[in-house]
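Trainee: Bring the two chains, given one by one in their own frames, into a single complex with the hints.
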Amino acid sequence: MNIIICIKQVPETTEVKINPETNTLIREGVKSMINPFDMYAIEEAVRLKEKFAGKTTVITMGPPQAEAALREAMAMGIDEGILISDRAFAGSDTWATSYTLSSVIKKIGAFDLILCGKQASDGDTAQVGPGISAHLDIPQVTYVKKIEEINPALSTMESGNTERKGGVKDKFMRVERMTEEGYEIIETPLPALFTVVKEINEPRLPSLRGMLRAKQARIIVWAQKELQLDSQKIGLSGSPTQVIKIFTPPPRPGGQIFKGETPEIVNKLVELLKNEVH
Amino acid sequence: MDYLLTDEQKMVQELARKIAEEKIRPVAAKYDQSGEFPWEIMQILAQSDLFAIFVPQEYGGMGLGVLNLCIATEELSAACGGIAVCYAASALGTFPIILFGNEQQKKKYLPDLASGKRIAAFALTEPEAGSDASAIKTTAKKEGNYYILNGTKHFITNGGEAATYTVIAVTDKTKGARGASAFIVEKGTPGFTFGKKEEKMGIRASVTRELIFTDCKIPQENLLSKEGMGFIVTMKTFDMSRPGVAAQALGIAQGALDVAVKYAKERQQFGKSISSFQGIQWMLADMATEIEAGRALVYSCAREIDAGSKDVGKDSAMAKMFASDMAMKVTTDAVQILGGYGYMKDYSAEKYMRDAKITQIYEGTNQIQRNIIALQLIKEMAK
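From first to last, the protein sequence lines are chains A and S.
Under my numbering, residues 1 to 278 are what the first sequence spells out, in order.
Under my numbering, residues 1 to 383 are what the second sequence spells out, in order.
Simulated from the structure, these hints should not be mistaken for lab results.
Careful: at least some of the hints might be erroneous.
[Stated by the list, open to error] Here are the simulated lysine-lysine pairs, BS3-like style, with alpha carbons at most 25 angstroms apart:
1. 198/A x 18/S
2. 106/S x 262/S
3. 117/S x 187/S
4. 23/S x 146/A
5. 107/A x 225/A
6. 173/S x 226/S
7. 226/S x 106/S
8. 18/S x 31/A
9. 215/A x 23/S
10. 55/A x 146/A
11. 31/A x 23/S
12. 49/A x 117/S
13. 51/A x 117/S
14. 145/A x 23/S
15. 215/A x 187/S
16. 262/S x 31/A
17. 345/S x 30/S
18. 173/S x 141/S
19. 145/A x 51/A
20. 236/S x 106/S
21. 226/S x 141/S
22. 215/A x 233/A
23. 329/S x 31/A
24. 200/S x 30/S
25. 329/S x 262/S
26. 18/S x 215/A
27. 314/S x 236/S
28. 23/S x 198/A
29. 187/S x 107/S
30. 272/S x 259/A
With the rest of the complex left out, here is chain S (with noise of 0.2 angstroms):
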């Protein structure tokens, strides 16, 4: 389908599709197998200026907007959903101090995150705290002009590789949701240290680590936007993220069925092509129009931000949310349509399902999706 996108557009597709084709797609099942943070990739993208992308022209960015982010994350995770995700979570990561940081933060951060010379990362969930993000427990405590930070984040993306971290901490037990607030944190601070790095189903090539807090002093001129906007924080960076999350299931069912489609026309069964059987037939047509669906609902939503809609919470979750199970089901059924060749690793096709299932977690499970939209729906009916 033609989305009329414009020549810097098409631009940045064809040389995010490039990048993945030719260094990507090569040394995927290497990272996946591995585990192994993919620098020498990140160091491609960076010297690409696909970092760029998504920071202002003023901090040393490109200033491309999230359209342009999504079609990126989109084209990379159809080599690899691992690696493409080291490249989004940076953009998560860098999001607050775009939205929330002031002229001086922004001039500190932003152009090393713009240039990959650093990456960045996100601190929000916490052991006990997942969908109820008002849970975390982790502390800041004013003293002077510093903060001092205790607790433990976990499952954090990028944790341990990147640079600059934004973490969600509490600074007012008693005030609950409204108590908490958003700090830059940059590693080696003394008293930041890294936990155990997580063992997981997909996305292998990202990173997962824990981040440590023990009485780790922050300056605070680190402290993003006013106390108590933490949440505030977070909501919006997860309004502006979500399409990517969304346009990295895009990407990862867009790779599957390549797959699956270039499988069907080569297996033989019963003396022709599977492709030539209709129930083979019509699975690959619903996968191809379930894709292209959910490209055009991704591709409308990120459009909506960056012409500066304010009010795109209900959107980019019903974006987010129809992506990733849409790449869920798309996936499964690559699997299927490989059949036994599926299960092996020695065809991407699995892969794929792996990398798929996180999208539909991460960045609000769907259930919490779901909520934000129904919450949103029923507000809209009381007006």
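Pulled out of the complex, with its shape left as it was, chain A reads as follows (with noise of 0.2 angstroms):
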């Protein structure tokens, strides 16, 4: 069983910066860390690996030093890396972001499943995920939240034969969609892609030679040259989506503190109620 996990290195603080000229995220010079929801994801996809075999690769698009995301999953124990960098890339929204990793997937081709974390911590929009399955024309779950049961006929003995075409029938996989009120239970033919949610799982740390098998990997790198994307589809100007105006809300006012005996305190705080809250 082939997976493809996509991954995003965001900044590790919640304080994140902009570049006032073109609205878009500033992600030099920022501490950074994969993800959290793709954590998830990874550790579903290396979980299913030791269950089916297979190959598992984890792709990202970001600046030359995303590549520690890459090398982190798989200190997990993802096999191989991609790295799709190039300034031309830069300032791509979510449209334009998933029609260049839905292009990266189909030059890797075979694949079973892709899994993304749900949504990125930094962005927030829960739109790429969905976005790649659009651009592949592959059915997506969304938000799921565990995989029931996958077809025998990806088992292990198998798994060599991950044939494309016309076995698409015979190969599925049943999984729960979490929703706000319970959950769905979903069956869907393969290749498909999931976006995953926090309860799936509870991601791995790092293991010492895991650690030392990334820190050797050779990362592939693609840019615009090695992919030859249509550029009205890439980057900044590829994208339909821009943003006009980046602003933090003003800081809510602090709140009201007492100070006395308590009957004379609980007073005050009655008649505050009673004239500012209606």
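Mentor: Here it is in structure tokens:
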């Protein structure tokens, strides 16, 4: 079973800085980490691989330092890392990002499953995963909290034959999709794309062997030169969404603290609530 | 201070620190209270390959040596000295097999110890034989292709939890210290049972039990090295493992200092942070300096061992003695800086102090370490 995991490197702090000219995130010089939701996607991929064998490939689009995120995923047990990095891709919105990632996935070729985190902790859009599935025209299930059943055709025995065409019908997965009230059970043919929520698993820590292997591993880097994507569909200029303005909402005014004897301050509070709250 | 660690050593440090912060710190107080063996943490250490550090590559380990073992132990100890010693004691129980095991023994036992599937323990101490190790009474009598073990070991770290034990027993009473031998004994061997679990002052997350041998029959293949080598096995094992105890002390001291600095910055008295008072500043400065001196000694000693130096007894005794005395002082001062809060169990300072004390006692009391150092000094002088 071949799995592709799409991850994003995000700033470690919640204080995201914005470039006032382009209205995009400033990534340089900020301590980074793998988007927390993507960690569940990585863990799930490693677990599926342990069960069904096959190959796991992690991809990310970002500046050169995003390589660190790929190595971190590989330290957890992912086989291969591909970095999509080029100035030409900078400033991509979710549409251009999902176009670019889906084009890379086409270039990679055979896969049974694409896993993404449900959303990124910086942009919070939750659009890239579904966008990729739309570009690839494959089924998507968002907010997956459990993989319930996998067609035995995908067992270790047969994982060598990941025939893409024709065999789709008898390859399926049954998953639980989280909703606000509970969950839905959805069955989907493969290949498919899932975005996962934190309920699905508990990501493991890396192992020393994994870290050493990841450190020595060669990361594949693809730029526009290798990918030859439609220049109208990539980067800031290829993005249909243009951010006009980003601003920090004014901080909430601080609370008021009354001091004094309890009966006295209770009266004060009651008065205030009467007058101020309607 | 920059100890010019290699990328590999930094990786061990980073991983062990991550485990300590994310997995151990949140449960340290729980295990300290319950005294239960922290199997869930041992599994994490196993999955993360930390048990592979001290086992050679040929036998399923990573062969990363004593300095890496010290770095890992130090980081784990900064979060919980008790949980860290469960790990370090497995290394202690494994070293005799690495140092003195024959090919067959190494192949049989080391892979499972490296993967963390099994953990190990080392058994020397007896009720009547502590610092005077030559007073041990447990006997191993040869009968055909077997040895029959009889006697009681006590205060055995990982006792009852470990699967593989290195046990020192007397094979020839007439030969005194040269009459002891080392054996590998597996849990589950008929005649091998466990006595009471001790209630300890500190390192309470680790388990300390009695081992009881009653006509326990073990195959002769389980003899390590040769008959009569028991104390050589012990001394050489301790030479390797003492930097680990020192690293444990170092981690405990560092953990306590971190708590003290944080508290000193937050605590307001006389209208300002107590970290602005020179009295507190000087205590913190002394603590930090002593820790750094300890670290320099421990790392140097570990590097010396990894470089293959044969004669490390004195240096490893120095590292163990200095680091553990330092840890006792630093943790006591940390409690002092936290004042009344330091004495309360809701704050971790008192736990560091309780955990530190044992490092001055086990794997040779610090008085015994001083004997080793002095004897070696006198020997060197006589040359």
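Trainee: Mind listing which of the numbered hints don't hold for this structure, in increasing order?
Mentor: As far as the earlier hints go, 2, 15, 22, 23 are violated by this structure, in ascending order.
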